[in-house]
Structure formats: structure tokens, C-alpha cells
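Undergrad: The residues making up each chain are set out below.
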Amino acid sequence: MVGVTDYLQDTAGDFLYVQLPEAGKALGAGDPVCSLEAGKWVGQLLAPFAGTVVEVNDALRARPGLVNDAPYGEGWLVRLAPATDAAPAPASLMDAASYAAWLDELAMEDVAP
Amino acid sequence: MNWRLLDTGVRSAAENLALDEALLTARARGEAPDTLRFLRFTPAVLVGYHQAVEQEVRLDYCRAHGIDVNRRITGGGAIYFDRSQIGWEIVAGRENPAFRRPPEEIYRLLAGGAVRGLARLGVEASFRPFNDIEVRGRKISGTGGTERGGAFLFQGTLLVDFDVQTMLRALRLPAEKLQDKEVVSFKQRVTCLAEELGEAPPPEAIKAALAEGFAEALGVTLTPGGLLPAEERLLSEGLPRFRDEAWIHHVHRPPCEAPSLLAAHKAPGGLIRLVLRADATYRRAKQSFITGDFFAYPQRLVMDLEAWMKDAPLDEAGLRQRLEAFFAGREWSIPGVGVEDFLQAYLQAARKLDYPRYGLPPEAVNEVFTISRPYGEIGGAAALLLPYCAKPVWCDLRHLDMCDECGGCTVGDAYRMAKERGMIPITICNYEHLEATLHRLREEGVASFVGSCCQAFYAKHQGDFERIGLPGVLVDIDDVTCYDLGEELEAHQGVWDKEATLKLPLLERVLDHAVKKGREEPVPLQEGQGPRA
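First to last, the protein sequences are chains A and B.
All residue numbers for the first sequence refer to the working numbering, where the first residue is 1 and numbers rise by one.
All residue numbers for the second sequence refer to the working numbering, where the first residue is 114 and numbers rise by one.
With the rest of the complex left out, here is chain B (with noise of 0.2 Å):
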């Protein structure tokens, strides 16, 4: 069989995607043959034909460094592309029997070719399900689809050169504040060309080898060709709808609705910290990214598992048939983590889903952590504990159980703020002390506690908080903390000599919703609040 082989050269995003439509629909009417295409970007960001700008994308990012933001006709997530990217598609009909398989074995024959292609270069990739190329678990193409009457157009990404920095900014990814340790965690996630090679071979070498990889899986011979008079004129037909506001903006829904959720989770083996980018209207995983302190054979074990739940459903019986079907398919081990771990992660953070209809700000919920029970179960708060630690260093209170209000720090203000309520506000001074105030109150029937203190140290006292076992909710504290400077011993002698801020206007939620006897039942969400196309 003959196909065309066409290289389009680097073009802007809506010249790019108006010709994928224009192409697809001239093989659609029979007016054109079966293609291989290569494409450049001028550097661009896409998202996927249903995805919504606003919650993928940093638009301010975009439109300051002259990106390109535009929709693609194909499925799938939002990517960037810069100049050195290769693109490659293919677009055919379906009266071919090869093509008239079930759609996962025609993602495997396609992606085949890019594979043979990246092995010529003296790569070794693999096709990973549902639709990801990747070397050793770290991902170097990504794909998608679509299909017009009897054709369809399947497309891939080849990562040359990778600007990781560029991406995070231009993307809205798991990765909020663009820390140096989480920059990290993305190029351990992702790879190039460029790094499997010590440096990228020229854009004629790579297409070369993958035109070959293709023309091998496929059983065709390629034939260089150019765009069609059919094709010219659909192109430009085509254009000015890509260029058009409508079609870029085609989908609205509110970047609320897509909110990265933190998870830490004490297992024996070590800390399981999840950054779940999920999607609040469908309840499904969009992107996971998992660290932690516990070791994992093999090491790729966590990509691949990251690459496995995306898109899943973010209820507790779907998140375990996942979970259970990833490891139970594979050779793996992670002294001390099981299965049951990643679990209650992930329900760690689906959970947060649901605080905002309990009255917590949708950009607030990971400023809340919840002892025993949901967020949404706990009621008949009796007593708001605090940290000395947020009372000045020149107090003479700040090491006792007590606080004048006397209007220099937040604390007084807290402690204002529990009275009105009828709680008992009490001032921890250690962990020693926190551990006996617990079981104290729960021996006297207390139905649960408010409490504030730093994420670290909620994260290192998780499993005393559940062993004791009375409900509770911990709101985080502003600032740095003791743990931020290494100095969590001199904190713990009490002796530290920094002060740290309570999150008042977030302290005065949770007290309204926790200090309310018995369940509260969540507010619906309003008509309207659903995505708009």
C-alpha cells in the first residue's frame, strides 16, 4: 500500500489544527490518500477538543510570552508544545481491516510506529495504555484521537528537547507553587530525546527514522507529497474558525471545578503525599502526581501507577477496582505500603471534593486536615486547641494553658472566637500535652474537637491523631514554621522564638460548621454549576 507522506513544516496552532480538520475531512470524501504528517509549533499550548481554557491553562502566562492557546479537534489533555516538538499523525481511512479493530488494538498498531521510529534513534520505548509512549515509566509522547465518517486522525507528540520550567508555567498542573522540588518530581516524570541521547539529533534525522518506524508497523511505502488543491481550499475555509474566540473558548467551566487536592497518608513503610488534579464535576482523576519517603520496586512503579488513574472515578468501590487491577497485574513491592494505603489517599483527597458544599472556600480545602472522620460528619465541637507557638515570643502566657486577649497576637482573637461558640479554648504547649488534652476530652464524652497546627506537623503526628481517636479537624497556620527551618526540636523544648499565624477567617468557618450538633446535610449544588459547552 502507498500512503502520503507530508511535512507541514513549523506553523501557528490554529494553522496546524485547521489543517488536521482540513486533512481529515478531504480523506473523509475520498478526495485525498492515507497520511503520515509531521508538524511544528510555533510554541503553543492545546487543549483537548472538550477540555475547558480556563481550567488547563495559564492564560496570563500564555499571553505574556506569546503562546499560542488553541483547541484540538482529538481527545485527551492539555499539552505544550515549543519549536522543538515533533508532531506526527496519521490520517486514514477505516476500509482498511487493520483499522476496523476494537479502539485500544488500533491505538497499539498506531503508537507501534512511533515506537519502531524512536528504537532507529536507539530508544527503547514502550506503548503504555490507555495512550502514553514512555522510556523506563517516564513519558515521552502522549496521543489522541478523532474520526469524521469513514476516516480518523490519530496524532502524537515526540518530546525533543523538553522546557519543563516552561510547561509548568504555562500549564495548570499538580503543581501549584512551582517549587524546586516539585520541578524536579516533573522531569523525573517526563523525558526527551535529548536526555536519552545526550543531545537531540536534527529534525530531518528524527522524522526520518520515525517515517520508517511507521511504514514498518503499518505495511506501507511512504511517498513524500504535498498538501492537495482539496486540501489547500479546506484549509482555508477552515482557518478563520480556528482563529476564532468561539471555537478556542468552545467550553466553560469555572477553574474551581478542577482543584488540586493534597493527601499525605501515614503508612508503617513511610509517608504517601498525593496531589490529585481532579475534576469536581464528573468526580474523576485528572493528573496524580505521588511522592513520598517509602521505597518502590520497581522504580518506575509510581509513574506507572500515576499514568494508570488518570481518569478514574473518585468514589471509593471505583478507586479500589483501579487500585486493585493496577497491582494485581504486575510484579511489585513496597516494604510496608499496601494497596489499602494508596486507597485511603486517594479518598483522602476525593473527599475534599466535598467541603465546599459545607461552606469551606474551594481554595481553602487543603488548608484543612480531618481526624476519623469526613469533613462533612463532624459536629458538636466542644474545644478549639491552639499552638503556643502563635503567641508572641515576649508573652508570659505563651508556654500555659491560658491567654488574656489581650489583642497582640491571633490567638486572644481565636480565643474570642471559641467562647462566643461555647467551646473551651485551650493552648497546647507540646505534643505530650496534646496527647493527654485528647484523651482527656474523650473520656469526657466530648463528640469531637477544632484545632490549628502547621501541615508538617500533621503530617508526622497522622497516625497519633487516629490511634486516640476523637474527630477533629486542623486548620493549617500561615508562615513558617518550625519544621520550614529545622527547628521542630527547639519547638518541641519550647524554646522556639519565631511566631507563627492563625488562619482566622478559615478558623471562624470551620468552628461555624464543626461546633453544629449532629450531621449537616451537604447543600446541593445549583442548576447552572454544571460545565457549559
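Isolated chain A, as found in the complex (with noise of 0.2 Å):
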């Protein structure tokens, strides 16, 4: 299941729109997946790895604002099935506390002269 992290949704304001993709797409890694809008500035979430669109979250066409309200939970945006030979490698994706850790590593830059 495919989101945006609440870091993300904090820092980009509320979501206007959600423009999802059809079920049954295949993607690339790095390939959009889906745009959001927020504060006129359109965002594309790329596709972590391979894989096909299972599902989409059709909440999210009447009420966009999810994505801000529960990023975790029914702010979700995709499913995704990774291609069976593209399972996603844990070493390219962050679980939650090296992604703390990212995010400290940000805020240090942001303070560094």
C-alpha cells in the first residue's frame, strides 16, 4: 500500500486534488503514479518499484483532504503488487526510524550556515 508520510502532508498544506491512476497500470520504478496538488504546486508520487496498481482509493475523488487527515490510514493512496522479479529490495526503502533519522539529518542542514 502506497502513501505519502505525514511529514509530507504537514509540509505541503491541504491537498486540492488527488489525480489517481487507473487499476491494473503497470509502472516502472521511479515512474509517476499518481499527482496531488496542494498550495499550486502539483507533486507526482513515483512508484518505490516495479510493480502493477491493485487498487486505487476511491475516497480519495470526493475528499482529497484525506491524505492529510489520515496518511497512514484512509489517506492511503495506491495498492501496488511489485513484478514478480522487482520485490522491492529493503535496502532502497527507509522503514520508519531510519526515515526519523532522514528527516533529523534535513532539519540539521536546515539550521547548518
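The hints are simulated quantities; they were obtained by calculation from the structure and are not laboratory data.
Just so you know, these numbers come straight off a predicted model, no measurement behind them.
Please note that the accuracy of each hint is not assured.
Unchecked claim - Sample of chain A residues facing chain B (criterion: CB under 8 Å; computed from the structure): (1) Leu16; (2) Gln19; (3) Ser35; (4) Leu106.
Said to hold, decoys possible - Anything over 12 Å on all C-beta distances counts as not near chain B; from chain A, calculated: (5) Met1; (6) Val2; (7) Gly3; (8) Ala26; (9) Phe49; (10) Val54; (11) Ala70; (12) Trp76; (13) Ala83; (14) Ser92; (15) Leu93; (16) Met94; (17) Asp95; (18) Ser98; (19) Tyr99.
Built from N, CA and C at the ideal position, the CB exists for glycine as well.
With the hints in hand, could you dock these two chains into one complex?
TA: Given below as C-alpha cells:
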């Protein structure tokens, strides 16, 4: 299941539009999955690994704000099935702890001269 | 750091937008340097990436006047570009730590380049969140952005010599009738270099000033350069797509899902008139247009409020939060008008989003005014109140509370419609008669009433209707009213010599709704009425 992080939804602001792909669409790693718009900025969510869209969150068509309200719950975007020969290498994805550490690093950069 | 200064001259919308994508893609692939680009357009209307053309653009007008219509790859709202306007954009990589901050800080930093450039031209402008550049509250530049891989594109427009008439005709803005008053109000909200400086500087001087501003704000050196072969190749590959209707009309949403909703709220300090363009699908504000006869300090307060309310959610809690946040953060005063009054105006407009669910045509929601209750909660109406001025001047019964339904005017038809539904028709002869009638109906235990009057009468007596407190629905009347003619005194005295016309089909729909006992459940929107990508 693919969505955005709480950090991203918080800094981006209210999501006004979410454009979802059709279920069944095949994606390569790094291909745009769907687009989101907040504060006049259009962002693309990129596929974290090669795979197929098996389900999209239709609830977002009427309520894009769910992405802000519950990024780890009702605000999920799509369900991706990894291509059999391209199961996500764990090393290429961060877990919660390493993401938090990465955010800390980002915050350090900000205050660095 | 060294950046490229790229000037792509005057081009069509399709070419300019295909170039946006080509430059961004080349930068994301590491095939191009960080760039400040200037661009100009042959006349064009551009919608934001997720917008629907049919909701934002008056296509017939654009076709008839040779105005290109296209879709940007960036977010934000629809804009009109004439030849004089100058577009600026930054295409850069994210690896620069300056661009790895939260979005709002990046917008402020990037827009800061344009602000410094304007200062060099002698215009004191500032960044206004979320994404505007303004001069004393009046917008001079709008911005938007997007990203691909590790690169982003942030762009803005600079109004040089602005043709507000064409903009109002090419775009669907909250000014449906294009009356002189509306045009003047729009002009007050937007400014341009020609207006600020007395005359528009030559394009080269403007671009030079902006380039210096961006170089200073970003701490970079700009070196003029042309398009790279990789970019030229991406441009020619991408151009057919930007010329294709499939791209331009990529998002479909019906125009009735973006209605202009009118509200008039009488506050002690004056009347607040609000025209709210709303997104009915997502229940959010698009543009607000606030006028009235109150005195606001500072003068720019209302324009800042309009900008602040962009995209506001249209439920009571969301509106209250937005409005309170706006007024809490600044010094302001409007004698006799409080935050609650703006909230009431917004709620009045927002409730109209639900009217079509109760059988009202979407184009008629502004022709119906409600008293004490939202439209959906009005039921059990027992009386129909009709204005004497809708009877002909020659009618012997014009000033009497009776009608022989001779077929000579719309009032007779309305009497028949009321009787068919078991309601009592009443001819109202003046305001005092109206007040006495409403009090009497209330004492008799009548649940609600339906009436017909002009918008001006409703606006004038809104407070009286609410004070008396009998729930009701009022249907607007056609034609020129005594208020339009400045003859309300004659009308009040019963000597007005013109005849108004009732909107019978609309009145009939309202009667059918209001006569039903108890609350009616809204009809749920059907599948397939949401936006289509």
C-alpha cells in the first residue's frame, strides 16, 4: 500500500486534488503513480518499485483531504503489487526509524550555515 | 553558483508549456543547468494542471478571439496571458540545500526574486501567502510549481499592462454579468506595472530588473544562454502532446459543479455582499469577491481576506477556523462588522451548494433567498405572499389583497398554484402590510411561508425578516425593479407605475418543495458525478 508520510502532508498543506491511475496499470520503478496538488504545487508520487496498480483509493475522488487527515490510514493512495522479478529490495526503502533519522539530518542541514 | 539566463521570446501556449516540461525533464536528467527563464505568450488562457477547462474558461469567447487555451504542468488557477505580460520561471535541482526546505519557505525565497526585481523598477511589492505577489494588497503576480525527479519548476506571471476587460470575458470569474461595477471592482484587486509606474517600461528593462532581483535573492550569477540540443529534442518530442485536445481537456468536470454563489448579509455596520465561486465537488472556495457599504481599515483588508479564503473548506467549522485565523493575525477594524458577520455571509453562500439536491436548478440557486432556516429544512408552507407590483397598473385589484385570476398577469397564475397546493395566496401592498401578515401567520402557528420579492427588497429587509422569525423562502422576480430605477419611494406609497413579473416555473418548484410537511432528506449525488480524469 502506498501513500505519503505525515511529514510530507504537514509541510505541503491541504491537498486540493489527487489524480489517481487506473487499476491494472503497470509501472516501472520511479514512474509517476499519481499527482497531488497543494498550495499551487503539483507533486508526483513515484513508484518505489516496479509493479502493477491493483487498487486505487476511490474515496479520495470526493475527499482529497483524507491524505492530510489520515496519511497512514484512510488517506492511502494506491495498492501496488511488486513485479515478481522486482520484489522491493528492503535496502532501497526506509523504515520508520531510518526515515526519522533522515528527517533529522534534513533539519540539521537547515540550521547549518 | 552559475545559472543560465534563458529568454525564449514570444511563443504560443503549446510551445511554452511543452518547453516547461522539456526544461524540467532535462534538468531532472542532469542534462541542463539551473535556469532562470523569461517567456511571453501570444494571447492565451492557461488552466492549472488539475483544473477543468469547461469550468474555468469561456471557450466560445476564446475561440472567437483567437485566444489559445491550454493546460499548465504546474498547479494553481486559470490565468489570461496577453502579449505584454512577462512570465518568469526557475528550473533547478533539489540538491541545493536552499531548495530542501518546507514548500512555503521555498515559495517565499523564489518569489522574493520577483519582489526584489520589482523594487528595482520602483514598485514596492510583497509576497502574500500562499502564493501571490501583491502591491498594497493588489495582485501583480501569481505563481505555481511542480517537480520531476530531483528537479522543480516554479513560475510566475508579471502583469505589465493589463487588459481587465478581456480577462473577465475569457475566464469564468465570480462576475457573471460583467456589469461596469464588477469590472471596476476587479480592477481594484489587480494592478500592473503600467498602473504603478505611469507607463509600462520596455520588456528588456523589466527582464533585466527581474534577473538582477533573482540573482540577488538566490545568490547566483546569471549567464545568458540558449536552449541545449537535449532540450530542443525534448521540445519537439513533447510538442504534439501539448497541441492535442486530449491534454488540454484531460480533466472533465461539469461547469455546474463550479457555481458562483451570491450572499448578502446585513451586519449592523453595513451590508456584506459576497460572490463565491465554489468547487461543489470538493466543497471548497475557489475565488471570493467581497463588496459592501461598510468601512474597512486598512483599505486592503478585504483584498487580503479574499486571497486568504482561496481554497477554504466550505463547512462551518472549517470556515470559522480560516476566518478567525485571518482576523487574529492582524490589526483591523470595520465598525459594526465582526468575524461572525463574514462567517454568516460565507455560510449563506455555502448552503446554496445543497439547493440542487432539493430540486432547484443549479443556475437558479441565487434566485432564492431563505429566512431563518436553510432551504432543505423549510417545510409545511401554508401561505404564498406576492408583491402588488407584479399586478398590472390597470388592475382594479392591484392594491387589494385579492385577485380574480383573470389571466392578465403572473400573480393570477401564482394564486392558482397556491390554491392547488392548499396554500393561502396573499397580495402584499407595502412593507407594513408584510410585517403585520408575517406576525399574524406566526401567531396562527403556520410553519413557514413562500414569497416573491426582488433581491433589493430582500437585502433591505433581511434583518426584519429574521427578527420576525417566520421561516420562509423568497423567490426573486424578473425584470427591472423599483430599486433599479430609484423609485422605491413611489413603490412604497403604492404609486409605482411599472409592472414586475414573477418567475413562475421557479416559484412552482419552490412551492412543491416548501409545502411538504417535515424535513426532506437530500437526494444523494449519483455515481459518476464526481470529477473525471
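Undergrad: All hints are to be evaluated individually against the structure, with a verdict given for each.
TA: Comparing the hints with the structure gives:
1. Leu16: OK, holds: leucine 16/A within 8 Å of chain B, min 6 Å.
2. Gln19: Holds - the Cβ of glutamine 19/A comes within 8 Å of chain B, reaching about 5 Å at its closest.
3. Ser35: 7 Å, holds
4. Leu106: With a closest approach of 6 Å, the leucine 106/A hint holds.
5. Met1: Holds, since 21 Å exceeds 12 Å.
6. Val2: 17 Å, holds
7. Gly3: 18 Å, holds
8. Ala26: 18 Å, holds
9. Phe49: The assertion about phenylalanine 49/A holds, with a minimum of 16 Å to chain B.
10. Val54: 18 Å, holds
11. Ala70: Label holds. Min Cβ-Cβ 16 Å, cutoff 12 Å.
12. Trp76: 18 Å, holds
13. Ala83: Label holds. Min Cβ-Cβ 21 Å, cutoff 12 Å.
14. Ser92: Per Cβ check, serine 92/A is outside 12 Å of chain B; nearest 16 Å; holds.
15. Leu93: Given that every Cβ of chain B is farther than 12 Å from that of leucine 93/A, nearest at about 17 Å, it holds.
16. Met94: The claim stands: methionine 94/A keeps its Cβ more than 12 Å from every Cβ of chain B (closest is about 16 Å).
17. Asp95: 22 Å, holds
18. Ser98: 18 Å, holds
19. Tyr99: 15 Å, holds
Every hint from the earlier list agrees with this structure, and none is contradicted.
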